[in-house]
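Asker: As a plain string of letters, each chain reads:
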Amino acid sequence: MHKLRFATAWLGGCSGCHMSFLDLDEKLIDLADKIVLVYSPIADVKEFPENVDVTLVEGAVANLDNLKLAQEIRARSRLVVSFGDCAVTGNVPSLRNKLGVDDLLTAVYHEGPGRHPTGGDEIMPRLLPKVLPLHQVVKVDAFLPGCPPDAERIWAAVSALLAGEPVVLEPNMRTFG
Amino acid sequence: MTKTITIDPVTRIEGHAKISLYLDDDGQVADARFHVTEFRGFEKFCEGRSFWEMPGITARICGICPVSHLMASAKAGDAILGVNIPPTAAKLRRLMNWGQLVQSHALSFFHLSGPDLLLGMDSDPAQRNVMGLIEKYPDVARNGIRLRRFGQKLIEMLGGRSVHPSWTVAGGVRDPLSDEDRSKIRRLLPEALDITGLALDLLKGAFDDFRDEEAMYGNFPSLYMGLVTPEGGLEHYDGLLRVVDSDGNVLEPGLAPARYREILGEAVEPWSYLKFPFYKPAARRAGSGASGEALEHYQAGMYRVGPLARVNVCDFAGTPRADAELREFRRLAPRGRPVANSFHYHYARLIEILHALERIAETVDDPAITDKRIRAHAEVNNLVGIGVSEAPRGTLFHEYHVNGDGILQQVNLIIATGQNNLAMNRTVKQIAQYHITGGKVSEGMLNRIEHGIRLYDPCLSCSTHAVGQMPMVVEVYGAAGELVERIARD
Ligand code: SF4
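These protein sequence lines map, in sequence, to chains H and Z. For the first sequence, position 103 (counting from the first letter as 1) is numbered 103 according to our numbering, and the numbering increases by one without interruption. In short: position in the second sequence from 1, add 177, done, that's our numbering.
Any given hint might turn out to be false.
To be verified - Cβ pair distances, simulated, as ranges:
hint: 1; chain 1: Z; residue 1: Asp201; chain 2: H; residue 2: Glu122; range: 30 to 38 Å
hint: 2; chain 1: H; residue 1: Glu170; chain 2: Z; residue 2: Asp543; range: 35 to 43 Å
hint: 3; chain 1: H; residue 1: Glu122; chain 2: Z; residue 2: Asp385; range: 38 to 46 Å
hint: 4; chain 1: H; residue 1: Lys68; chain 2: Z; residue 2: Gln587; range: 31 to 39 Å
hint: 5; chain 1: H; residue 1: Pro49; chain 2: Z; residue 2: Asp543; range: 46 to 54 Å
hint: 6; chain 1: H; residue 1: Lys34; chain 2: Z; residue 2: Pro497; range: 40 to 48 Å
hint: 7; chain 1: Z; residue 1: Asn580; chain 2: H; residue 2: Gln136; range: 30 to 38 Å
hint: 8; chain 1: Z; residue 1: Glu505; chain 2: H; residue 2: Leu79; range: 49 to 57 Å
Worth flagging that the hints you see were computed from the coordinates, not collected in a lab. Please read all numbers here as calculations on a predicted model, not as lab measurements. Positions of the beta carbon are idealized from the N, C-alpha and C atoms, including for glycine.
If we strip away everything but chain Z, and leave its shape as in the complex, we get (with noise of 0.2 Å):
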């Protein structure tokens, strides 16, 4: 390997991350790494708090998806006091669910994304942002702020504040919706739904500018993962675990979540902070059928999670508007296989977008929807309580250890965005090799390496939270801010 290029940082994602490209003699693309950069480790420092103070700290993970780490939490959290939440909390808890998936997905694809897809991936990288698309299309430009702004007023209404409400508790929710509010909602309701209606014109109208995108963008086999409902359908706040293969075989047809270590497992490698989850079954498969084996194949347990795979494993949406557009969408792979290309992620966020506006319309007209009977009042019932919901990014799981007083002994979260990271880095890699022979590299070349990161909408600084053996450098500064000793440790 002759040659590396670094992109650093990778830009219009959430987090911090790299990309390494090794070229050979030839300048071509050996080998691609996605390297996230940043460690936080919230699994240790939680250790020895109240598992009631969880959704409040573990919503800090995440300001793009906090809503999801509050689902998970006080998920786990219910399942510690033991408790069925009365249905009016359940109700509550999806709509805001419901609410993060629009922000969040807006945010992704008309914020993060859109400079690429309207400006164009070659454009002027000064103006590439979303400064750049309210100069140029700005009536596209406040679509995106205005149907991402649906969906943070929806949280905030629920939940008092937009980013970080303290509005989950174990048991429930803490405060009801009022009828004001909920008639705020559905007159919100109509233009949402325009915007998204837009939205997936748009991008199908682009698609004939991006046919290399549509065949080169993280197109390879891979399993699939996301939770559906006992019949099958798209499923984001609860529901079970199913595995799909790029064949359309069902692997998991739906596995209570709280059993997902029989299924999961995490690698290492030394060059990211982020793990590597993998699907058990398929790594064993790979080796000699042992399962001391399977981290050695843990590649070959590779799956995807987010939007591309919950639409990709679900039978049906649930919702007419999703629906019609889910049959289009699977017109995209030949019958009974799943999508398999990562470009496709955006197409599947706009239809997860439309029938989260959908859900959210019947949810509001439900009678039920504003009964103030919403949290369950319980003691430490369970020692450990496992949380399971699907983020916008993909499936996440909290898992806490309470000893009898609820004091956390062992805390471990599974992060929608790391299950994503082997296919990153293959993506990444495919898409590198596309563009870069001979050495030659341009930026508009590098800016697509990185929309290949991009599709996946990847959350960072939610990913990184594990302890580990980590290096350490400990600067000693004086009073006057001059460095006084270093002290480093591999």
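If we strip away everything but chain H, and leave its shape as in the complex, we get (with noise of 0.2 Å):
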């Protein structure tokens, strides 16, 4: 049987949605059958790679990493899923962004024995300004919204993957929060 290829990616998030995901449980040992994890943060391969036929992507857009990772996401996946409230909506991340880049870069760490975190070098990332959802960075295929969504309606939405059809959630699991 041809399994699919399958990814999961954490950007600018809390875990909680990946955390919802290991909820499935006991449906985790069904999808073993069906699906081959090619990429995600509970397994080791660390560049994002070819030909994925679905990513699920949690958290928001808040930092160069983020966006960098999204657009690999986007060019390599055929089929790019928001999951959770962050990748949807920019949700709790995006509370920052009432705080103007003028306001967090006067705010300060408390004391320091040398030099604050400055980033921008290859290993430090930059943070945008304003934390996005991931639509506005890149094309996304589908959205699942919750915070986290819950396992129910996250197999609703792999199983739909799965058999090669569109997802589409029953209203009362289109909610947010």
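Taking the hints as your guide, dock the two standalone chains into a single complex.
Answerer: Shown next, in the form of structure tokens:
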């Protein structure tokens, strides 16, 4: 049987959507028959691979690393799912958006022996001035709201994707929070 | 330093991080750094909101341990109201907290570290994950899934959902425990206890295969900090702060947690968004004794928190099976001294699961547990509230300053994982120096170095909460998505 090349990724989020994914519990065992997990924060592949069928993306776009990964995911996945409220709306991470760039810049670390983190090198990514939902950065094929979406909701979406059908959620599965 | 190796991203941990290894001319590891690359700013953006909202907002700091934030936040709220919450509410909160300890530790042991321990540190990276575990060891994987599920179900029964339940409030909790759910918990407990027993056998049986890891993975002296009961027992919800040194001397026998600022400081380094908390008295001693000097010597104030620290600082667990395990655990170190090896975080985690399950069993048998008096009502009576609890990864502090209307003026959060920052850096360096010689590096070696981080089970979206003088890039996009302008400020 052809196994779907499946990926999950997280950007700026709390990992709660991934925890809810793991709440599929023993359905994960069924899933292991139907998919190959080609990339995920809970797996060890470091580069986002080519030719991915479906990628669930948790979290909002908060820094340059997130932005780069989002673009790689889009270029290399057939279907991209905005997974959870952070990806869909910006949610809690975007609460920092009300602080203008200047406010953020003038607020300082309490104390420190040396320099503050500066970012901007290859290691430390710069922050974006505003945290953005995923679809403002790349095209998204389906939205799976909830903070987090519960396991039932995730299963509804994943089973549709496995069957090659569009993700159509019942109204009670389209709520936020 | 001639060569830098970067591990990017560090996988099978919660959150975003990288590791840099700096090799000298001879290909030996001169230094290593663990970089936390995300920043969120909770402390700052919560200002101006009501403290009533804080459990709901701060739970979203972390999806693995939302319950810890619910606890610390609600406790800070209790202090602002100035109330003693009803005894049943405190018992119910403890119940949920233990439920979380079980699910979070099960996740760490089975889902995240299990692939290294069972499939092997050098096994195929494409398979080295929970899906690979399901394929190769379906029974172990199923056990892990079911043990985690026990904890998640318990949280859901109490709070209505497994992740981010809005159930704890300043003054108590929103809903009581029903008789039906109480019987359900009783029915689920025996399996969870069995699985924990199996996990302990599995780990102890594997010690022979992990001799190097036992000797080399984060094996160094440090301080340890955790909450204990007033009698010195293992504690996760309330209690007193205890600090012990590597010789087993008790430096702080039992400090009221609200006084944490007297002993803890925070340092900052340019190469990580994660701060470096330290134990001030030790840092001060390393300097001339002046408090201004403490920061210069902050590394001398390194302490560890979390499962290993908690089982090291307590005198006993207080439940029979966990105490039996604890006695065996203590034999790993010379008499009277703490177990200094971070590899044994795994072992400590399993002992804590056992303890939590035993406590859950006791608590559901308490006749008062289904009582309906679960919430105290009051107005703002204090302008400062400090709430402290033990998260799965260590001691968690929420400190809120409010005005008379309960609007937050200032928020300080000290997160469990941050307190292990110094130890995590030290561990990464120790493992790298042990495995890498003459510049030869394999994928398996890098995975071993990452395992050094997994031992601490860090939670990084939790950790980087503080706001600072952040670098900024402003990119302005046009309607078609093209970059119109880019402004960068350091
Ligand atoms: S949507 Fe909610 S659960 Fe998911 S990452 Fe965001 S805050 Fe966490």
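Asker: Going through the numbered hints above, which ones does this structure break? Give me the numbers in ascending order.
Answerer: Result: hint 1 breaks, nothing else.
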